[in-house]
Every structure is written in C-alpha cells, then in structure tokens.
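S.K.: Okay, here's what each chain looks like letter by letter:
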Amino acid sequence: MTTQHAPAGLIGASVLRVEDPVLATGRGCYVDDVQLPGAVYLALSRSPYPHAKITSINTEAARKMPGVELVLTGADIDINVPSPVMIPGQKIPPHPALARGAVHAVGAPVAAVVAQTRAQAVDAANAIEVEYDPLPAVVNGENAVEPGAPIAREELDTNICYRAVNKGGDVDKAFAEADHIVKMHIASPRQVAMAIEPRAAAAKPEPNGDLTVWLSTQSPHRVRADLATALKFPEHRIRVIAPDVGGGFGSKGPLYREYTLASYCALKLRRPVKWTATRSDDFLTVIQGRDQAMTSELALKRDGTMLGLKVRVVANLGAYLCSNTAGPPQRMMAMAPGCYQIRNVFVEVLAVFTNTVSTGPYRGAGRPESVLNIERLVDKAARDLGIDRLEIRRKNFIRPEQFPYKTATGVEYDSGEYERALDEAIKLSDYDRLIRERDAARKRGELAGVGVSTFVEPSGGAGFESGTVRVERTGEITVLTGSSSHGQGHETMFAQVVADKMRVGMEHVAIRHGDTMAVQQGVGTFGSRSAVMGGGALALAIEKVSDKARRIAAHLMEASLEDIVPADGGFAVAGVPEKRATWRQIAGAAYGRLPKGMDPGLQETVFFDPKREAWGFGAHVALVKIDRDTGETKIEKLVLVDDCGVIINPMIVEGQIHGGVAQGLGEAFLEQMQYGEDGEVLTGTLVNYAVPHATSMPTLTLGETVTPNPFNPMGVKGVGEAGTNGAPPCIANAVMDALAPLGIDHIDMPYTAPKLWAAVQAAERGKK
Amino acid sequence: MNAERVAISLTINNVRHDAAVEPRELLVYFLRDRLGLTGTHVGCDTSQCGACTIHLNGRAVKSCTILAVQANGAEITTIEGLAHGDELHPVQEGFRQKHGLQCGYCTPGMIMSSVYLLKNNPNPTAEEIKHALDGNLCRCTGYVNIVESVKWAAKRMRGGQKAEGGDVSR
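Respectively, the protein sequence lines represent chains A and B.
Note that our numbering has the first sequence beginning at 1, numbered continuously upward.
Note that our numbering has the second sequence beginning at 1, numbered continuously upward.
Chain B on its own, in the form it takes in the complex (with noise of 0.2 Å):
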C-alpha cells in the first residue's frame, strides 16, 4: 500500500513540475490534489464520462485513466492552460456565446476534447462534433448548444467568426 514513491518530471501548462508519487497514483489526482489544478473534474470511477479530459503530448486522454508515473516526461495542457491571460480559447468564448454550459462541471473535459477535435478537423460537421465527443458525458445541456459552441468556435479559428451580438465583455 506504501510502496515507495517514485520521482517524476513534467511540464504542464509549460511550467515543469518535479515530484514524487505513490506508484498507484492516478494523474488526475496528482493535478488535483497536489498541484491544485482543479478545472480537471472527476466525474465518473469507470473512464466514461470525461470530465477529466487533458491533453498529454498533444492527444485529448483522460487523465482518470493514466497513472502520474507514465506522465513521468510529458507534455500536459489542463483547462487551467488554455486562455491567454483574460482572453479565452476560441472553444471557451464557443461555449460562452452559444451557451454550451449550465452547471459547469463537464466543460474542462468537453473544451479539452472539443479543442482537440479542432486541432485534428478544422471543419467538423454537427456528426463529426457529436462523434468526437461521444466520451464526455454532459447532462444539462442535451449537448445541443455545445455543438453549436464548437461550431462557433471552428468557425473562428478558420478567421470566419466575429463576437457576436455586440458587446458581451463583462
């Protein structure tokens, strides 16, 4: 149960963390609990509902599912990494404008995934967005609107999407 920890190293949101881990410890849980990275949310104990969506050496993974000591080396961005400063990630300002979160909790992991889609399919269609997302679990939405939020949110990364509605700033 107390087997030795054991040393690793990591660059999450470009600032590099060393540490040492219970072996069985699982990467979600060493955002969380150790960093205080908490956007990462755990929202199931079975890898179904994705709440827990990071993006480790550029793929979308659930960081329930991995341990911290086979993230020893990687390259990780949470939710927490993605605005610059005040200005959102086109995919959190899709969610904001196409009201594609009520409570809250699913978002990081569906933003998480959503932007991975994107880096991947540009374009995606509404089928494709459903498809990419099938592993995030959202039970307020009906993922009606976070569809149409990553649709906003592909149109402007291609240059085609201005803030809509005038002025939204608060």
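In isolation and in its complexed conformation, chain A is listed as follows (with noise of 0.2 Å):
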C-alpha cells in the first residue's frame, strides 16, 4: 500500500479508491437522484405478447386521468432507435420507439404517458386498452433457422439477420489428414446483465433550446450521436451527462427506446422529464447476452496436434437491433482458436431474430462462448485420443517466441506466455492433490471434478479513446477521459498514471468523465478497454504536455533542455536539485509570458488508436463436487490466473476479477433467462432468475503472470471480462469430468441442480 502524497511510484500500487467516500456515505449521484425542478414522469405501456398485430389503442381513459400531460402511440411520433450496418448485407428492420402496427417481444413499448408524479404516470399507462392480434412467435435462435419456423420480423422474409464467414488456411485438406474428429455442440444460456442499478434518464429542455439528458450509460458520446440521429435533433445541442453509474456490465452501452422518448417528451412539454426503470423493465428491455448455440469440429493428429476448426454459431438476437447488437455472435470470427496454434480454420454465422429481448454486449460479449467452445472441445479431444489434458494444451499453444502471433482467422495476438500462466494455475491449485483428491472421492461413490481452461481475452479495440490533460493556472491538473466510469475507479487509478507520470500528488489530479459538454469526443467503458485505450490516450498526452513543460521550463530557468529532468512537482535542472520550475510556475508562463515561438497553453488532447487489441490471458482450475442424490454443486477449490500486461493498481485489478469471476460462475451454475413455447417471459424478474448471492461464492485463489504489451505506451491489457471468459469454461470441464464416470458426454449450462440431477438420475438409470 502506498500513501497518496508519494509523487511517484503510483503505478502499481493498491491505492485506496477516491471514488468512495462519496459513494459509501449515500452521496453519490445516479441518474435517478438527480433533482430538477418541475420535472414530470414517463411511464409506458408495453407488450404482453412476444409477436402480436395491434389492431387498437385506446387512450381515452388515460388521458382523462389525474395528472397526465401527455399521451403518445407509435402514431404520433417517428422516432427510431439507429443502428448502423455492421456486416454488408445485414438486414435492420425498424426499431421505433413505440411499436408501429406490431409488436415483436414481450415489453416492446407500445404508448408512452407523461404525468406530474411516478404513480399517476404508471396509472394512466395502465389505463392503455390494447387489442392484440397474436401472431405465432419464434424464440430459440436454431429453431428460428429451421425451414418453416415462424417469422419473427414480419417486415422481412427470412429471420437471419446477417451470414458471416471467417477462414483461414485449407480447412478441407487440415480434416482429410487427421486422425480424429472430434464433433461437439454447445449452447451458452442467456443472461441478464442486471446491473444493480436500472437504467434511468431525466431529459431537460434548456432555456436556449438546447438539451440536457442524464443517462446511466457507459458510453455518453456514442448514445448522444444515436439520440440526435433518433430524434433529427443536433447533436452538438444535446449534452449527455452519464452522473453515477451503477454497473454496465455492456448492458448501458446502447441507446435505448426509453431516452429517446423521454428526450423527445421533454423538448414537447418544455419540462424537464424523467423516466427509471423497474427491475422488470430491465428484464423486457436491456440487452442480454450469450445465447449463441455452436456446432464445432476439430481436427487432430493422433498425437494430439490440432490441425483444424470448423464453427457454425447460431446467435439469437432477439426482436430489435440496438446499437451494438449485432458485434458479439462476430468475436467467434476472431477468437476461435483461442490459445492454440490451429493453422486452418472455418467460422460461419448466422445471426438470427426471434422475438425475444434483444441480446448484445454482456461482459465477454463473444468472449466467452469462443472460449467456452475450444475449451471444452480441446478437452473432449484429450479424452478420446487418451492423452493428458494439460499436455494436449501445452503441445498446442502459441509459443512465447512466436509473437506477435497472426493467427488463421488473420488477427495477430500481441504477446503470451500461455503455458506460464498455466504452470502458475497448476503450482497455486497443486494440481496434483486436486486429481489425488478427485480420485479418493470417486472411490467413496462421489462425483467430483477437475476442470482446466486458459483462454485470450482481447481487450481495447472499438476505434479510439481520447483523453485531455489540461495544466491548470495554478498547476493543478484536469484530466479529461473518454472512458466513462460505471465501478471501475477510473478516478482512482487515471489519477494514478497522471500523478505517477507528472511527478504530483494524487489530490493535484482531477479526472472529469461523463459529460460531453466537458469531454472532447470519446468512445465510453465497455470491453476492457478503459486502461488499454483511455489508459494509453492519457500516457500518449501526458508525454506531450510534459515536452511542452520541459521546454517553458527551461525558458524560466535559462537552462539548456538537455538539462530539464522531471522532480517531484515539476522540473529540475540536472546536477542542480534546487534549481526547479514547479507547475504552476510553468502553468504561469504557459497562460502569460511565453518564449519568442511558442504557443500559449498547456494542454493536450490525443486520441489514441492502437488499430490492434490488447490481448490478455490465463488459466484457471478447479475442484468441483456434486452431490448425487440433489445434484447441487460445490466448488472445492478455484484458481484463477490472469496475465493483464503491467497493472496499474492491483487492488482494481482483484476487484474486476472477482466481480467477472462471480458473474462467470452466475453462467456456470444459475443464470438462464427462459421463455415458453410461445414466447412467453417465463424468468422476468429477481424471483425468477437467480444471480449470485454472497452465500453462492466460493473461495477465490488469485495468481497473476505479468507479460507486457509491447503495443500500449503503458504495457497494459484488459481485464475486465477475463473472469467471464475463464471460469465457465473451466467449471464445464469440471462438471463435466465429475460426470464422466457416468457415461455423460455433455450438458449445456447452468449447471442447476435439478439438471444435473436428472442427468445423474438418467444415466444411473441406463447403466442398470
């Protein structure tokens, strides 16, 4: 633990977050805290039905109830959710922000009621009549392929909403010389972000005719270019404010129906207008993620040596198309071979729509589906050719020398040490006791598990992130970031690099984020990206302020630049330690009297694009239990090593692999979102979908490996999804292991305990 004052040798250190004080004491502010004078309530309307023509829509009733102001239907308004063209030849029917004729989920928005208080508003939406015409709906994505299957967007004649092919090498040749196939299908359940948080906005006309929208949203600049586009309203007169947010998670990165209405309402009425979420609401409308079904081969030679891959993901993406949608069915385009050299591979995907809530980034967002799919068929192959799981991967992995490591879907890999990190996960789990202590329970009747995964978690991309730093007048420092903070401590540890970096104490360093009317243009917190990419924006600006100041202050100390070396608060002139320029002496002659040739100022903005990702990596292992006669699972031990290139504050960097851990293991063991036959919410609020509680977590065994990344002016790689991208992975093969000695060869997650005991029950069954 380092104290704050220390001017230098912030990063890496664990230190204490700024952010929560404010936060632990009541007084942060999300956006439903935020008080406007004046403001009326949006509530909506909304389908029960998951495909439905409406052929009526009543509104008498609520327009005369107490305290409505303003009642709309898809009639009144046209105004559309955007979406860009991500694959040519994607398909994008409307996405409007209350339903035109049709409606093709359950909660799609179908009449929006403005009133003066929260319940009148819910009151006179309820006091909408709506006749439905039901129409047959489709809501499991391989289904929605299949020849005949009902249609879910009416407006189009096929449910596929895009085709998308990856290759590399001679895939034909690569499966006509192999030994063995091995053949697999898995599915990976739907989840639900669940940001504890809902989503909120409070939309305020201002008195020039601009707008001010708060927004729980990771991504203010994007959704504030989507709201313009939504509404025909300029962009640079919307000002997005993304205030506290409570958790993301991918879920708020997109712009939503609900804020574009309530903007909308709000330039109408000329009052300030706020809408929030129930958690209900959350479960109809906010992007889930997963539910990609994959059908895989791979190609071996009998030694174990991989030689090819071929993938077909089926992605179910719901009813509409939100912003980013359509991205995360393509990371299996890129991430498919994983950690392994496979130098002939074939992905194909369809992404489809049926009338379901709509799916998109979920913290992995492809990630984990890709990882779950090599890594399960990597130990399906160990089995059949009897070679040791462990081995097969070591003989398989991209070797430490090999990159930057292009691989055959024509990405290249940064650096990687994977069996490193491997070796550390089986030293910290001593994996040998794990297997001796599988055997012995095996031998009293018990099923137990051990399960491996190591995976690639790329982390960056999404174009750019910017970041400013602005030396103040008097020397303190601005920083301005792109990245928006939804939990991450972005206060904290941007503070960190700058404090590190421009030799001052921590309390010197303000960071500024959310606000678009304070930020220049920036990209939002999503991906693992926020120290790839805002980290490498603020290094890459922090270097040119810092030549610019170096040069003020050898003007101020008529010193030649060779002699101006960074000190604690500023700059020295080497050999000559009391000879210093502080920051706010070079802040002084920055903004007053400069050098003959120089322009006034001290601040820089970069917008830093890598045109790469950063690609992070580790293994974990673990011990599972289940109990044969309740099928309940118990995980006995769990290792988790994760390599994120240099790490600036290992405190953070815990915290992220816990929460993805546990959010992995909500995907392992609990979390499916699930429909009816005809589409109906069978799992729509908390009493239905089970998420982790405190009682769910097992102990955590963290280990870490450091490999730099050789691209980033700070070293660093993300991390922030790696616990979802390994531990599913790994607990599938543990669960699957435990079950091994049954006969059962394969069961999609969750790994709930009525399902593994009817699995269990099945297979005891069979053998008599």
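If you're looking for bench data, these hints aren't it; they were derived computationally from the structure.
Misleading hints may appear alongside valid ones.
Unchecked claim - Quick list of in silico lysine-lysine cross-link-like pairs, DSS-like style, CA-CA up to 30 Å: (1) B/Lys130 <-> A/Lys427; (2) A/Lys232 <-> A/Lys53; (3) A/Lys755 <-> B/Lys130; (4) A/Lys634 <-> B/Lys151; (5) A/Lys579 <-> A/Lys548; (6) A/Lys406 <-> B/Lys151; (7) B/Lys130 <-> A/Lys625; (8) A/Lys579 <-> A/Lys501; (9) A/Lys427 <-> B/Lys151; (10) A/Lys625 <-> B/Lys151.
Said to hold, decoys possible - If the Cβ cut is set under 10 Å, some of the chain B residues that face chain A in the computed set are: (11) Pro108; (12) Tyr116; (13) Lys119.
Even glycine gets a Cβ: it sits at the ideal position worked out from N, Cα and C.
Assembling the complex is the task here: the two chains are given apart, and the hints tell you how they should meet.
M.R.: Right, dumping it as structure tokens:
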C-alpha cells in the first residue's frame, strides 16, 4: 500500500479509491437521484405478447387520468433507434420507440404517458387499452433457422439478420489428413446483465433550446450521436451526462427507446421529464448476453496436434437491433482458435431474429462463447485420444517466441506466455493433489471433477479513445477522458497514472468523465478497454504536455533543454536539484509570458487508436463436487491466474477479477433467461432469475503473471472480462469430468441442481 | 387512486419529519423523492436486491417493502445518517479499506445490513457475514471484498483495527 502523497511509484500501487467516501455515504448521484424542479414522469404501456399485430389502441381513459400531461402512441411520433450496418447485406428492420402496427417481443413499448408523479404516470399507462392479434412467435435461435419457422419480423422474409464467414488456411485438407475429429454442439445460456442500478433518464430542455440528458450509460458520446439521429435534433445541442452509474457490464452501452421518449417528451412539453426503469422493465428491455449455439469440429493428429477447426454459430439477436446487438457473435470469427496454433479455421456465423429481448454485449460479449467452445473441444479431444488435458494444451499453445502471432483467422495477438500462466495455476491449485482428492472422492462413490481452462481475452478495440491533460493556471491538473466510469475506479486509476508520470500528488489531479459538454469526443467504457485505450490516450497526452512544459521550464530556469529533468512537482536542472520550476510556475508562463515562438496554453489532447486489440490471457483450475442425491454442486477449489500486462492498481484489478468470476459462476451454475414455447417470459424478475448471492461464492485463489503489451504506451492489457471468459469453461470442464464416469458426455450450462440431478438419474437408470 | 393523504410523523437521522403521504406511497420513495435522501437506492421491484435497506427502530428493513404510513412514529436511520461529519462509520471505512464497492449502487444497502449484523454479532465468521448479506445483491464485487470489508469493520469496532497502509486520507 502506498500513500497518496508519494509523488512517484503510484503505478502499480493498490491506492484506495477516491470515489469511495462519496459512494459509501450515500452522496453518490445516480440518474434517478438528479432532482429537477418541475419534472414530470414518463411511464410506458408495454406489449404482453412476444409477437402480435396491434389492432387498436384506446388512450381516452388514460388522457383523463389525474396529472396526465401527454399521451403518445406510435402514430404520433417518428422516432427509431438507429442501428449501424456491421456486416454488408445485414438486415435492419425498424426499431421504433413506440410500436407501429405490431410488436415483436414482450415488453416492447406501445404507448407513453407523461404525468406529474411517477404513480400517476403508471396509473395512466395501465389505463391504456390495447387490442392485439397474436402472431406465431419463435424464441430459440436454432429453431428460427429451420424451414417453416415462424418469422420473427414479418417485414422480412427470413429470420437471418446476417451470415458472416471467416476462414484461413486449407480446412478441407486439414480435415482430410486428420486422424481424429471431435464433434460438439454446445449452447451458452442467455444471461441478464443485471446491473444493480436499473436504467434511467432525466431529460431537461434548456432555455436556449438545447437539451441536457442524464443517462445511466457507459458511452455518453456514442449515445448522444444516436440520440441526435433518433430525434433528428442536432448533436452539438445535446449534452449527455453520465453521472454515477450503477454498473453496466455492457448492457448500458446502447441508446434505448425510453431515452428517446423521455428526451422527445421533454422537448415537446418544455419541462424536465424523468424515466426510471423498474427491474421488471429491465428484464424485458435491456440487452441480454450470450445465447449462442455452436456446432464445431476439431481435427487432430493422433498425437494431439490440432490441425483444423470448423465452427458454426447460430446467434440469437432477439427482435430489435440496438446499436451493438449485432456485434458479439462476430467475436467467434476473431478468436475461435483461442490460445492454440490451429492454422486451418472456418467460422460461420448466422445471426438471427427471434421474438425475444434483444441481445448485445454482456461482460465478455462473444468472448466467453468462443472460449467455452474451444476449451470444451480440447478437453473432449484429450479424452478421445487418451492424452492428458494439460499435455494437449501445452503441445498446441502459441509459443512466446511466436508473438506477435497472426492467427488463421487473420488477427494478430500481441504477446503471451500461455504455458507460464497454466503452470502458475497448476502450482497454485496444487493440481496433483486436486487429482488425488478427486480420485479418492470417486472411490467413495462421490461425483468429483477437476477442470482446467486457458483463454485469451481481447481487450481495447472498438476504435479510439480520447484523453486530455490540462495544467490549469495554478498548476492543478484536470484530465478529461472519454472512458466513462461505472464502477471501475477511473477517478483513482487514471489519477495514479497522471500523478505518477507528472510527479505530483494525486490530490492535484482531477479526473473528469461522462459529460459530453466537458469532454472531447470519446467512446466509453466496455470491452475491458479503459486502462488500455483511455490509459493509452492519457499516457500520450501526458508525454506531449510534459514535453512542452519541459521547454517552458528550460526557458524559466535559463538552462538548456537537455539539462531539464523531471522532478517532484515539476522540473529541475540536472545536477542542480534546488533549481526547480514547479507546475504552477510553468503554467503561469504558459498562460502568461512565453518564450518567443511558443504557443500559449498547457493542454494536450490525444485520440489514441493502436489499431489492434490487447490480448490478455490466463488459466483457471477448479475442483467441483456434485451431490449425487440432489444435483447440488460445490466448488472445492477455484484458482484464477490472469495476465493483463502491466498492472496500474492491483486492488482494482483483483476486484475486476472477483466480479467477473462471480458473473462467470452465475453463468455456469445459475443464470438463464427462459421463455416458454410460445414466447412467454418465464424469468422476468429476480424472483425467478437466479444471480449469485454472497452465499453462492466459493473461496477464490488469485494468481498472476505479467507479460507486458508491447503495443501499448503503458504495457497494459484489459482484465474486466477475464473472469467471465475463463471461469465458465473451467467449471464446465470440471462438471463434465465429474460426470464422465457415468458416461455423460455433454450438458449445457447452467449446471443447476435439477438439471444435474436429472442427468445423473438418467445415466444411472441407463446403467442398470 | 388519489386517496386522501395520511399525516405521518417520523424521525429520520435524528430529525423529525411531519408529512402527509398517499397511503400507497412506499417508504423508499418517501425518503428519496420527498426528503431527498437519495442514498437509499431502488434496485428491484420484488424485495430481492436490498439496495433500499435502512434501519427502522433499530432493525434492518427493506424500505421498498413497507409503506410510509407503516413507518409512522418510527426512528429511522439511512446511509446518510451513519457517518459523523467527515468521519466515516467503521463499516463505511471498511468498505473503503477493503475495496468492498465498485459502482456503489448496492453499497448503502450493504452497509446498512452489515451495521445491523455487527450490532448483533460483533465477531462474525465469513459464513455468518455471507448469510447476513444474502438479502443484498451486488453484481460488481463477487462479494469477496464485501466479506473482507465487514471483517475489517468488525475488528475496528471491537477496538483491534487501526487504519492500514499509512496515510489513506484524501
């Protein structure tokens, strides 16, 4: 632990978070906490049907309800949520803010009411009478591509939104030469992001006609552009503020229909309008994650050498395209081979519409599906070929000296030492002892399994990120970052970077983010990108500001530039440490009397785009026991080794791993959004959708290796999604190892007690 | 719908409040919307998440699950009433010291539940902490550091814990 007043050595220190005293005392300000005098409230009438024609909407009763200011239906407005073309030829059916003529998923907004209080708005929304004519619905992605399946979006003649292919090498030849081919079908459960703060919007028309909107969002600038497009209102007259944001995990990336409606109503009524989702609203209308089904073949030589890989992904996009809905399935095209040298790869992605909640990025965003797929395949291959699962991995790992390594799918990994991470996990878990423990348990008639997974975690990406470093007149430092924090501790972590590099105390650095009026164009926080991209931008901006400051310091101290060296609080003359120029003195000159030929000001902005992702990696090991009589699972050991390059704040990195692993364990054991055959929602509240509780969590053993990223100014890689990438396949491999003695070859996650109990019962009946 | 308002009188963070509320108004909205005590959060609509946990007559309760009229005459403490000026309550300090919060949204409820636990059990085991917090959901931390935070606070409150790691003030 380092003190916050130490001017250097902050990078790498577990500095306590500057955010915490505010948040822990209830003084945080989330969107619903924003108090706007004269505000009125928005509520929505939503479709109870997964797919139906709207035959009539009667708003008469609602309009007469107390406090009602405005009632809207799809006939009154022309607002659509925009979605970019990600794949040529991609189908983009309308995504209206309020349904026009038909609804395509339960929860689709059909009418909007604004009233003076929340309760009045909800009362009036409930008084809107809508008649529906139900249409056949399709909820399962793979069913949706079957001939004769109901069409989810009747505007189209197909359920396929896009088909995309990526291939490299000679796949047919590899499969022809193979000694063995492993075949597998595996599906990842649809998950709910469940950020504890439900979405919210507060829209305020300004006297000059501008619009200010507080949103619970991860990407204020991107959402602002989409909001401008949706409303046909100038982007530069909209100010989006993301104040404190209560978690996101990808789900708070896009623009949502409700945000456009609150904004539209505020402009129309010339009054502030607030909307806050209930948890049930969020279950029905926030993008959900996963829900991809993979059909794969892995071709190997008898000695375990991997020759070729074919993967066909059917990805369920849900009914409506949010701005990032089409993205996650494409991950498979970049990372299907995982940590392994597989030179011949074919990946096909079919992304399909169904009458369900839209999917989109959720912590991992396609990475967990890819890792699950390859790591289960590798375990199956080891079993089939009678090769040890560690040996087959080691044999096929991309080797450290091969980096930067271009995969068969055309992606270049930056750096990695996969075997070292695996070795570390083996050591930390006392792997041989785990195996002995498993075997002893089996002898006692118990079901026990050991699982291993290795993984890559691509991070950063998604274009650029921006950072501004401004030395103010008094020498205090203001940082404007496009990375918009929602729990990641940016105000601490970025301040560490700036304070360390500029050699000032952290109290002299203020990190500003999440306000489009304060911050230059930025992208946002998702995809494990803040330290990589936001940090990269800052590191370069610091360099530029420091270069200029050094020149000013040389002028102030009448020394030659070569003799100016960084010193605590500013710069000094080499060899004459008492001769110093402080940041305050330098700033005074920058905004006052400057040497000839220098431009005034002490501020630099960098838009950072390394044109590549950062490839973190790791290895996880687990020992899992399954109660034969109840199907209940217990994690006896869980070891997580992650390599995210250079670490800025170990405490925050560990916290990211803990949280990611918890969500990964949720995926492995508990969580699945479920629909009935006709599309009815079965898990629409926290009563019937299970997320991990405190008592669900096992003891975690964390380890690390550090392989710096040669393409990042600070050597960092992302880590936010490591836990969701590595933990589920590790658990899947452990559970399947536990069930292998019963002859059970495959079960899809989540491994709930009833599901495992039924499988064990069926297997034992079969044996008799 | 617009039933007659009911007069209530209650003490919140040592301040007496008299108000007239709709009979259907939930205590959490009374605290948030009427009194501006927005530290108490709403994270669900089925009493699962615990973000709205407060102390009512000395017991931790979910303020989304009782009506404001039911709190008539009650003594209530919310997250805003825990710290003494700039001095954090030991549980708040524990959450800071042990990185027990990330986004902070569940934190007020977590802290209120933890304070209640420590009042009744000053030296809980990890299992007892997990059990006591089972009605509070966190999606960021995996609960690992929350348990550590409560342990830290318990030790501090028993008089055995000094601030760790040198100067951490800011």
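S.K.: All hints are to be evaluated individually against the structure, with a verdict given for each.
M.R.: Taking the hints in turn, this is what the structure says about them:
no.	hint	result
1	B/Lys130 <-> A/Lys427	holds, 29 Å
2	A/Lys232 <-> A/Lys53	holds, 28 Å
3	A/Lys755 <-> B/Lys130	holds, 26 Å
4	A/Lys634 <-> B/Lys151	holds, 24 Å
5	A/Lys579 <-> A/Lys548	holds, 18 Å
6	A/Lys406 <-> B/Lys151	violated, 48 Å
7	B/Lys130 <-> A/Lys625	holds, 21 Å
8	A/Lys579 <-> A/Lys501	holds, 20 Å
9	A/Lys427 <-> B/Lys151	holds, 29 Å
10	A/Lys625 <-> B/Lys151	holds, 28 Å
11	Pro108	holds, 5 Å
12	Tyr116	violated, 15 Å
13	Lys119	violated, 18 Å
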